[in-house]
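Asker: What follows is the residue order along each chain.
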Amino acid sequence: MTLILEAVVFGVLTGGVYALMASGLTLIFGVMRIINVGHGALVILGAYLSFALLRSAHIDPFVSLIITMPAMFALGVVLQLVFIRPLKEDREALSVLVTYALALGIEGLLGFLFSDNLVQLNAWYETASFAVFGFHIAYVYVFGFGLCIAILAGIFLVLYRTTFGSAVRATMLNRTAAQLVGVNVDRVSAIAFGIGVSTAAAGGVIFGMTNAFNPGSHYDLISRLLTIIVLGGLGSLRGAVIAAVGMLIIEDVTAVVISPVWASFAFFLLLVIVLVVRPQGLYGIRVRERI
Amino acid sequence: MRSPSWIRAAKWAALVLVLAVALLFPAFESDPATVNIAVFTVMYVGLATAWNIMGGYTGYVSLGHAAFFGFGAYAFGLVLAHLGIQAGYEPFLFVPIAGVLTVVLALVIGWIALRTRAATFVIVTIAMMFMVQLLAENLVGLTGGGSGLSFPVPPWTGDFFDTPFYYAMLVMAVVSLLLSWWIRRSKFGLGLLAIRDDEDKALAVGVPAHAYKLTAFVISAGLVGMIGAVYGYYVTYIYPQYAIDPLVGISLVLMVFLGGLGTLWGPVLGAVILEPAQLWLAYNFGASLLYLVFYAAVFLVVILLLPRGIIPSVGDLLKRIAARRAVGPSDTASTSDAHTVAGVPSP
Numbered sequence: 001m002t003l004i005l006e007a008v009v010f011g012v013l014t015g016g017v018y019a020l021m022a023s024g025l026t027l028i029f030g031v032m033r034i035i036n037v038g039h040g041a042l043v044i045l046g047a048y049l050s051f052a053l054l055r056s057a058h059i060d061p062f063v064s065l066i067i068t069m070p071a072m073f074a075l076g077v078v079l080q081l082v083f084i085r086p087l088k089e090d091r092e093a094l095s096v097l098v099t100y101a102l103a104l105g106i107e108g109l110l111g112f113l114f115s116d117n118l119v120q121l122n123a124w125y126e127t128a129s130f131a132v133f134g135f136h137i138a139y140v141y142v143f144g145f146g147l148c149i150a151i152l153a154g155i156f157l158v159l160y161r162t163t164f165g166s167a168v169r170a171t172m173l174n175r176t177a178a179q180l181v182g183v184n185v186d187r188v189s190a191i192a193f194g195i196g197v198s199t200a201a202a203g204g205v206i207f208g209m210t211n212a213f214n215p216g217s218h219y220d221l222i223s224r225l226l227t228i229i230v231l232g233g234l235g236s237l238r239g240a241v242i243a244a245v246g247m248l249i250i251e252d253v254t255a256v257v258i259s260p261v262w263a264s265f266a267f268f269l270l271l272v273i274v275l276v277v278r279p280q281g282l283y284g285i286r287v288r289e290r291i
Numbered sequence: 001m002r003s004p005s006w007i008r009a010a011k012w013a014a015l016v017l018v019l020a021v022a023l024l025f026p027a028f029e030s031d032p033a034t035v036n037i038a039v040f041t042v043m044y045v046g047l048a049t050a051w052n053i054m055g056g057y058t059g060y061v062s063l064g065h066a067a068f069f070g071f072g073a074y075a076f077g078l079v080l081a082h083l084g085i086q087a088g089y090e091p092f093l094f095v096p097i098a099g100v101l102t103v104v105l106a107l108v109i110g111w112i113a114l115r116t117r118a119a120t121f122v123i124v125t126i127a128m129m130f131m132v133q134l135l136a137e138n139l140v141g142l143t144g145g146g147s148g149l150s151f152p153v154p155p156w157t158g159d160f161f162d163t164p165f166y167y168a169m170l171v172m173a174v175v176s177l178l179l180s181w182w183i184r185r186s187k188f189g190l191g192l193l194a195i196r197d198d199e200d201k202a203l204a205v206g207v208p209a210h211a212y213k214l215t216a217f218v219i220s221a222g223l224v225g226m227i228g229a230v231y232g233y234y235v236t237y238i239y240p241q242y243a244i245d246p247l248v249g250i251s252l253v254l255m256v257f258l259g260g261l262g263t264l265w266g267p268v269l270g271a272v273i274l275e276p277a278q279l280w281l282a283y284n285f286g287a288s289l290l291y292l293v294f295y296a297a298v299f300l301v302v303i304l305l306l307p308r309g310i311i312p313s314v315g316d317l318l319k320r321i322a323a324r325r326a327v328g329p330s331d332t333a334s335t336s337d338a339h340t341v342a343g344v345p346s347p
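From first to last, the protein sequence lines are chains A and B.
The first sequence lines up with residues 1 to 291 when you count with the numbering used here.
The second sequence lines up with residues 1 to 347 when you count with the numbering used here.
Bound conformation, chain A alone:
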């Protein structure tokens, strides 16, 4: 019973990180109607940036976010301008290919710079832990969870309490109509992509402290993140957060009750079940869209 409780607690804590990463992905989808297959690679890139800062300048991984998040924001804006904006017809399919190519490019570049040996971000709070309900939790999980909640709260505040947020939500609802009422959708798209990519940096730091990673880790990550945003309903931030926490709890509980090797499988199986019952995901609306 303690084991299951432990699994649930860890599911919630790691679920928070996945919620952050997935919300960046679903925000990008919502605003631009594109699937950013490179999101996992950008998370790994964020982790490596912090890794480089830690190794060369001994900057604490969490503190390094002050540098990496703005840098990744800028990178996101540039990527959107150079690679996403030129796509005119058949955006959805082509954007998948373009972002896939970006993922491969990032993977190759990281492999070239850092080799494909597994590394991990180290800090004192990664090894130190405290006891609760009869098991130990490393501080990093709690700090990471807190950071994710803070950033997510920030994103929600911006989206629901600012003029820019209204412009973003208007673009998500109807791009053409938003344009008609004077929203600069190109600017909104670039900034939204930047925000999405900078959340990947934050997610990457926590992911890099709680997992060993190498340049190829993005495949596993992106398959999970995509599954989460489909489950939550594409473009729904609320859905992404709930799906992330739910999925991670189920995965961790499966690891304890059945076996760790089947944990990821449970993750995907849940997707299948939800699709059979509710193809639009938890919070998705049934869209009659053309590819």
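Worth flagging that the hints you see were computed from the coordinates, not collected in a lab.
Be aware that one or more of the hints could be misleading.
As the list claims (entries may be wrong) - In silico negatives: residues of chain A with every beta carbon more than 10 Å from chain B:
{"id": "1", "residue": "L54"}
{"id": "2", "residue": "V77"}
{"id": "3", "residue": "G146"}
{"id": "4", "residue": "G154"}
{"id": "5", "residue": "L282"}
Stated by the list, open to error - Subject to a maximum C-alpha distance of 27 Å in a straight line, what follows is the list of computed DSSO-like cross-link-like pairs (lysine-lysine):
{"id": "6", "chain 1": "B", "residue 1": "K201", "chain 2": "A", "residue 2": "K88"}
{"id": "7", "chain 1": "B", "residue 1": "K187", "chain 2": "B", "residue 2": "K201"}
{"id": "8", "chain 1": "B", "residue 1": "K11", "chain 2": "B", "residue 2": "K187"}
{"id": "9", "chain 1": "B", "residue 1": "K319", "chain 2": "B", "residue 2": "K11"}
{"id": "10", "chain 1": "A", "residue 1": "K88", "chain 2": "B", "residue 2": "K319"}
All C-beta atoms, glycine included, are put in the ideal place defined by N, C-alpha and C.
Following the hints, complete the assembly by docking chain B onto the known chain A.
Answerer: Below, chain B without anything else, positioned relative to chain A:
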């Protein structure tokens, strides 16, 4: 409107020439390294053509076809092991069984995945691919898990080793092309194109969209599974992460986009251009993962500069030139008109 007779004659001549070169290739070229590249190139011709039946004709982009490729290989290996088939030419006769088993898997996956459309469909196919990969890793008793599955070792040696596989891949590529050609001309194919253009309108005029999509998906997957089976026998040892490789799934999609989505010969052209290039990059820069950077660069250039693919772009250009010649260079109005009615499918 039928093309002028000399164009049709030229097309037939080109077709015969391509077939003759493909058939006689191993007779002229005996360097095993080159024949090896040819085997993989012809393999991708088949894979890209098969993918195009679903992705090109219906517009449903599947990034998970690597699952069927790997599943075909595993199914074939297990069938050979359980039936105790000896190495030699005999295993090739059992390739269709791998195809049938892949069709069964594709029915299940397709039934679920095709409940969704557009972006969601893409993501679901990716998730399905990782599910199949996890199964290959986890069902250790059946698949050997991470330590892999072995095939009977082909008895051929030296320069001849690649030749039977080359012809097996060629047969699969020709079968895929014939099917693709036949579907493109059939009522079924028209239905698929209608689904691509507007699925709701297609439904409204009575196209049984769901059955059609599932059929196209299953045909495409079955062909890919059979090609995977030949691949497994060729490499004689398969592992989950190499047999079900996301890179294979994305490569064949890129080939189709480069050549021309939804065209008959586009996938062939794309595969013939990209696969040797990819192998060359992997051979020269493979050690450092840097080849991925080059590959990504090629990828981005193709998509950003030629989003419609080579064949539609060149076809447009030729039609424009022909129209200009027919009406004279000053008559710009009818030139642009001829451009819009050109029978080239838009992506």
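Asker: Decide, hint by hint, whether the structure agrees.
Answerer: Each hint, compared with the structure:
no., hint, in the structure
1, L54, "holds (22 Å)"
2, V77, "holds (18 Å)"
3, G146, "holds (30 Å)"
4, G154, "holds (26 Å)"
5, L282, "holds (13 Å)"
6, B:K201 - A:K88, "holds (23 Å)"
7, B:K187 - B:K201, "holds (16 Å)"
8, B:K11 - B:K187, "holds (24 Å)"
9, B:K319 - B:K11, "holds (16 Å)"
10, A:K88 - B:K319, "holds (23 Å)"
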